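Quick note, the sequences are listed as chains S and E, same order.
If you read the first sequence in this note's numbering, its first letter stands for residue 1, the second for the next number, and so on.
If you read the second sequence in this note's numbering, its first letter stands for residue 1, the second for the next number, and so on.
Just so you know, not all the hints are guaranteed correct.
Taking lysine-lysine and the BS3-like style, the derived pairs with C-alpha atoms no more than 30 angstroms apart in a straight line are [unchecked claim]: (1) S:Lys386 <-> S:Lys420; (2) E:Lys150 <-> S:Lys29; (3) S:Lys127 <-> E:Lys150; (4) S:Lys29 <-> E:Lys64; (5) S:Lys150 <-> E:Lys150.
None of these hints come from the bench; they were simulated from the model.
Here the structure is a predicted model, which is why all the values come from computation and not from measurement.
Protein chains: 2
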Amino acid sequence: MAKKNNDFVKDITKMEDDFPQWYTDVIKKTDMVDYSPVKGFMVIKPYGYAIWENIQSFLDKRFKETGHENCYFPLLIPESLLNKEKEHVEGFAPEVAWVTHGGENKLAERLCIRPTSETIICEMYSKWLTSYRELPYLYNQWCSVVRWEKATRPFLRTSEFLWQEGHTLHETKEEAEKETLQMLNVYKDMAENLLAIPMIVGKKSEKEKFAGAEATYTIEALMHDGKALQSGTSHNLAQHFAKAFDINFQGRTGEIEYPFHTSWGVSTRLIGGVIMVHGDNRGLVLPPFVAPIQVVIIPIAQKKEGVLEKANEIKKELEVLGIRVKLDDNANYSAGWKFNQYEMKGVPLRIEIGPRDISNNVAMVARRDNFEKEPISLEGFGNTVKELLQTVHNDMLTKATRMRDEKTFTFTDYEDFKVKMEETPGFAKGMWCGERECEEKIKDETGVSIRCIPFEEENLGSVCQFCGKPAKYMVYLAKSY
Amino acid sequence: MAKKNNDFVKDITKMEDDFPQWYTDVIKKTDMVDYSPVKGFMVIKPYGYAIWENIQSFLDKRFKETGHENCYFPLLIPESLLNKEKEHVEGFAPEVAWVTHGGENKLAERLCIRPTSETIICEMYSKWLTSYRELPYLYNQWCSVVRWEKATRPFLRTSEFLWQEGHTLHETKEEAEKETLQMLNVYKDMAENLLAIPMIVGKKSEKEKFAGAEATYTIEALMHDGKALQSGTSHNLAQHFAKAFDINFQGRTGEIEYPFHTSWGVSTRLIGGVIMVHGDNRGLVLPPFVAPIQVVIIPIAQKKEGVLEKANEIKKELEVLGIRVKLDDNANYSAGWKFNQYEMKGVPLRIEIGPRDISNNVAMVARRDNFEKEPISLEGFGNTVKELLQTVHNDMLTKATRMRDEKTFTFTDYEDFKVKMEETPGFAKGMWCGERECEEKIKDETGVSIRCIPFEEENLGSVCQFCGKPAKYMVYLAKSY
Numbered sequence: 001m002a003k004k005n006n007d008f009v010k011d012i013t014k015m016e017d018d019f020p021q022w023y024t025d026v027i028k029k030t031d032m033v034d035y036s037p038v039k040g041f042m043v044i045k046p047y048g049y050a051i052w053e054n055i056q057s058f059l060d061k062r063f064k065e066t067g068h069e070n071c072y073f074p075l076l077i078p079e080s081l082l083n084k085e086k087e088h089v090e091g092f093a094p095e096v097a098w099v100t101h102g103g104e105n106k107l108a109e110r111l112c113i114r115p116t117s118e119t120i121i122c123e124m125y126s127k128w129l130t131s132y133r134e135l136p137y138l139y140n141q142w143c144s145v146v147r148w149e150k151a152t153r154p155f156l157r158t159s160e161f162l163w164q165e166g167h168t169l170h171e172t173k174e175e176a177e178k179e180t181l182q183m184l185n186v187y188k189d190m191a192e193n194l195l196a197i198p199m200i201v202g203k204k205s206e207k208e209k210f211a212g213a214e215a216t217y218t219i220e221a222l223m224h225d226g227k228a229l230q231s232g233t234s235h236n237l238a239q240h241f242a243k244a245f246d247i248n249f250q251g252r253t254g255e256i257e258y259p260f261h262t263s264w265g266v267s268t269r270l271i272g273g274v275i276m277v278h279g280d281n282r283g284l285v286l287p288p289f290v291a292p293i294q295v296v297i298i299p300i301a302q303k304k305e306g307v308l309e310k311a312n313e314i315k316k317e318l319e320v321l322g323i324r325v326k327l328d329d330n331a332n333y334s335a336g337w338k339f340n341q342y343e344m345k346g347v348p349l350r351i352e353i354g355p356r357d358i359s360n361n362v363a364m365v366a367r368r369d370n371f372e373k374e375p376i377s378l379e380g381f382g383n384t385v386k387e388l389l390q391t392v393h394n395d396m397l398t399k400a401t402r403m404r405d406e407k408t409f410t411f412t413d414y415e416d417f418k419v420k421m422e423e424t425p426g427f428a429k430g431m432w433c434g435e436r437e438c439e440e441k442i443k444d445e446t447g448v449s450i451r452c453i454p455f456e457e458e459n460l461g462s463v464c465q466f467c468g469k470p471a472k473y474m475v476y477l478a479k480s481y
Numbered sequence: 001m002a003k004k005n006n007d008f009v010k011d012i013t014k015m016e017d018d019f020p021q022w023y024t025d026v027i028k029k030t031d032m033v034d035y036s037p038v039k040g041f042m043v044i045k046p047y048g049y050a051i052w053e054n055i056q057s058f059l060d061k062r063f064k065e066t067g068h069e070n071c072y073f074p075l076l077i078p079e080s081l082l083n084k085e086k087e088h089v090e091g092f093a094p095e096v097a098w099v100t101h102g103g104e105n106k107l108a109e110r111l112c113i114r115p116t117s118e119t120i121i122c123e124m125y126s127k128w129l130t131s132y133r134e135l136p137y138l139y140n141q142w143c144s145v146v147r148w149e150k151a152t153r154p155f156l157r158t159s160e161f162l163w164q165e166g167h168t169l170h171e172t173k174e175e176a177e178k179e180t181l182q183m184l185n186v187y188k189d190m191a192e193n194l195l196a197i198p199m200i201v202g203k204k205s206e207k208e209k210f211a212g213a214e215a216t217y218t219i220e221a222l223m224h225d226g227k228a229l230q231s232g233t234s235h236n237l238a239q240h241f242a243k244a245f246d247i248n249f250q251g252r253t254g255e256i257e258y259p260f261h262t263s264w265g266v267s268t269r270l271i272g273g274v275i276m277v278h279g280d281n282r283g284l285v286l287p288p289f290v291a292p293i294q295v296v297i298i299p300i301a302q303k304k305e306g307v308l309e310k311a312n313e314i315k316k317e318l319e320v321l322g323i324r325v326k327l328d329d330n331a332n333y334s335a336g337w338k339f340n341q342y343e344m345k346g347v348p349l350r351i352e353i354g355p356r357d358i359s360n361n362v363a364m365v366a367r368r369d370n371f372e373k374e375p376i377s378l379e380g381f382g383n384t385v386k387e388l389l390q391t392v393h394n395d396m397l398t399k400a401t402r403m404r405d406e407k408t409f410t411f412t413d414y415e416d417f418k419v420k421m422e423e424t425p426g427f428a429k430g431m432w433c434g435e436r437e438c439e440e441k442i443k444d445e446t447g448v449s450i451r452c453i454p455f456e457e458e459n460l461g462s463v464c465q466f467c468g469k470p471a472k473y474m475v476y477l478a479k480s481y
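Okay, chain S solo, but in the shape it has when bound:
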């Protein structure tokens, strides 16, 4: 049995030896994803896609509860539209895919595959909007986008990815800012309550903000290797696009006004975050509410009378409670093989049920997150399991928060920062002058970027710890994906 355990684990590189290879091994061995014949484009296999479906379903409900409606805008954007907002085109033009031929004909104007949809959506908004009475516009779309990336990694950075993009218009600046922060908060809430990932929330620096935005807000997570993952962004676009696209309306006073605009998105990148925050050397560890399979039932000595019947009974009891459960009664594989298989796949709870358990009126329940295993009474079993899933979630969030906090450090000066960032990488909290030149110098010299100016500021001093000028903000810095 011990040998069989190793059959799986030996194929996964240890995290501490080579983190990027560990990541690649995990996503391949657990059948989440595969590389496609088009460089940088991935195939999301059912076990990876089901995680995305759970994220979608959670967010879509929240979007609708906050008054948003879904719609769908074209995949292709004429070059002339992409060019309308100056900062935006500079940010995106170098990384778009160009369609030049439709069928057998060369197109009069090149079309790019959307890298994001502000331009095409603003073009439509400018046709539609006439009066303040029609505002706000609260629209979202689920789709794929293409950004031609040089170096790609499945989920984290791919030339095509799945995401949602919300695009809203408001009558006032205040409403737009409120919307921007509301959606950021929806993302933070999703990260914590669905993915069990704690987030640092804050504002991006001028250098790191979205091309065309007035302000970009972000949720940032810390991975096991001490690198940050930008996990979702919400942009206050002010009137930048509205003016470029001439979106206007008759206001309350009869004057022609420009609306205030927001956009916000999260993508399949989140799946990479789930893997890198919770995973271990045995493979995936999935938070219960996003796991495709929440509970796996493995019958022991399944040929013995009554075992499969009881296993099926338990399955039904859990299903009725809305739990995603799989009964693996495949007779070609041993129970031990299955234990390891589902452990690697990160299934939160494993239930073992055999003749002895049945006679004791219990089932053995093993947790993936901390390997605890104990017999649980079959009386009220479904509800016990349901509560246990919540406990596992809570414990995983606590553990991830502890991990992040342990990897978060302050520093005395730039030299100390450099040493710590190399030796014990993670989030560095420090004071910064707010100047782009200083930020670029840090990035160039260390590869570390300012992740955000957090909403929860702390006063760690009065001078910039990088250049000595007066400090303006406390910031979080990290290497990042």
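Take the given structure of chain S and dock chain E to it, following the hints.
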């Protein structure tokens, strides 16, 4: 009030005067869709998209119940892959969009935007499949596809559309045929039970089948103008793609074998079908189970004490039962204006509640499908409304079936066929020799195509009614979208 009614209706061209213009007026006036700056590409607005979401949700559940899993394959397909299956490339190459540049670089090989994904999926399947033990593969994806069309109409034929495409592999020919028919049946069931559209089910002729298929099965609906709409197809691809892409596996006997392959899809085209089967001169008539808003509540004299309270109470009672309900208490518009607005938008039931209704403990309920209106007791109101939605659905399916049957005719000979097809267009049932040359002649001379060889054959004679040769099949013919 009568004048206000006309404000809406006068903007919609009458069906009998100009059916294509009626269709365009309805989709624009009801805010389902808009034209985009890219010719042939449409924007699906929330009221149209919500219908698609209801179709997705219905089908996705059925797909999962029949053992299918969702996944996601790349948007772009290398030209060399598209070329692998001979008939397939001939069918699709003339209508694909080509990506030639990624960012600032010219690509070594052109990539097409998927017109359908058989080729890229088969390429992956050939990497994955090793043993019969892994079969069947039961995968589906929800995505958009691009086919460069010359003449387009929103929902019915657009250069980009949303769809699902299922792609399965099986060990035996029998299993593949069973799957092909099972999914066709899922589509037929969805059409009848969700969209209230009766379907003729059958097999496509050799000429009309999918490029690369062994056999294509179809569901065909009849529109108000007597034209047919191919509404969903399910293909038995035999081993054509498996051989072209060298997908093979070790079979039960140890021999290397090719799997049997199916694919099946429905698209946003279905929304066009809903409009053209059920709509009338006042606008949309939506079947209750697919309607974004199933019930609209319009308070009468809403400033009077207790009216809005009661309206909200009813709203909650309906919501608890899972009914999609909207309470329109906008004080800027009159009740009459609202009646017409929601009538045009095809909301199945309208509830009017005013002071007199409240004192009588009733609400007025008006049906969109037949304009019946009656007071309904507020005792057990929610359940009465729920049952009424089912009744409306049943009546709409009955009406659509009657409409189709009235437009279905038999004919004595080719000349009679031509006259009837011009004078009272619809489905023609007739005997056909089965030869491609004969089929092409009919199409060239009349614009009519063979829609399918129905599963429910009738014997209408022994000779082909078009060319006089011995008859092989009874077929349905129609002009089509």
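Hints and how they fare:
Taking the CA atoms of S:Lys386 and S:Lys420, the gap is near 42 angstroms; set against the 30 angstroms cutoff, the hint is violated. Proposed proximity of E:Lys150 and S:Lys29 is contradicted: the alpha carbons are some 45 angstroms apart, above 30 angstroms. Taken as a hint, the S:Lys127 and E:Lys150 pair is honoured in the structure, with Cα atoms around 25 angstroms apart against an allowance of 30 angstroms. Only pairs whose Cα atoms come within 30 angstroms are accepted, and S:Lys29 paired with E:Lys64 is accepted, the gap being roughly 24 angstroms.
Using a Cα cut-off of 30 angstroms, the hinted pair S:Lys150 and E:Lys150 is violated, with the two alpha carbons roughly 35 angstroms apart.
Hint violations for this structure: numbers 1, 2, 5, all remaining hints satisfied.
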